[in-house]
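Trainee: Sequence:
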Amino acid sequence: MSSLRKWATPLTVASFLIMGVTGILMFFHLDSGLNVPLHEWAGWLMVLGVAAHLVLNWRPFSTYLKRPAARAIMALGAVVLALSFWPVAGGGNPAQKVMQAMALSDVGTVIALSGQDVTTGLEQLAAAGLVADETTSIASLTGGDRGRQMQVIEVLFPDP
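Using this note's numbering, the letters of the sequence shown correspond one by one to residues 9 to 168.
These are computed hints drawn from the structure, not numbers from a lab.
Being a predicted model, the structure only gives us computed values, none of them experimental.
It is possible that some hints are incorrect.
Pair by pair, the computed Cβ-Cβ distance ranges are [said to hold, decoys possible]:
#1 W15 with L91: 30 to 36 Å
#2 T17 with L46: 17 to 23 Å
#3 I161 with N65: 44 to 50 Å
#4 K105 with L56: 45 to 51 Å
#5 A134 with L112: 18 to 24 Å
#6 P166 with L42: 20 to 26 Å
Beta carbons: idealized from backbone N, C-alpha and C, even for Gly.
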């Protein structure tokens, strides 16, 4: 347990610092560079640090479970978390909607959106190992794999 004690609290504090600063930046849309991936990965480190911290301090933590105010705050947190998974009508991630629409589209339509002629687009896809005709749906071409769909986008919409 002593080796756990050496890193549990420092990891919790460091990951909280990263999560707090990057979270505030993201809230105000001031994030840049690697803020978002850093926030996401620091979240995993925070889970690890807090879990270790709970193991080390279980007895004191369990006394909080006997206090009505502490139980209410923790229950409220659980309810808010559960509600965050509730689908919101008309909401959702626009990029996810575009990806879903693209997956349902045929290759010819996506090539047309890229501004290329169909023959050139099909040749580029074939060179990338994605053999299709213009009527093939993106979903069937990629097997529904989001990573392969991104590959189609990278092939047909190269950086200028």
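Trainee: Compare the structure with each hint and give your call.
Mentor: Hints and how they fare:
1. Under the hint 30 to 36 Å, the C-beta atoms of W15 and L91, about 34 Å apart, fit the expected range.
2. Hint check: T17 to L46, Cβ distance near 21 Å, so the stated range 17 to 23 Å holds.
3. Checking the proposed 44 to 50 Å range against I161 and N65 shows it holds: the Cβ atoms sit about 47 Å from each other.
4. Hint check: K105 to L56, Cβ distance near 34 Å, so the stated range 45 to 51 Å is violated.
5. At roughly 22 Å, the beta-carbon separation of A134 and L112 lies within the given 18 to 24 Å, and the hint holds.
6. Between P166 and L42 the beta carbons are some 24 Å apart, a value that agrees with the proposed interval 20 to 26 Å.
Hint 4 alone, counting from the list given before, is not met by this structure.
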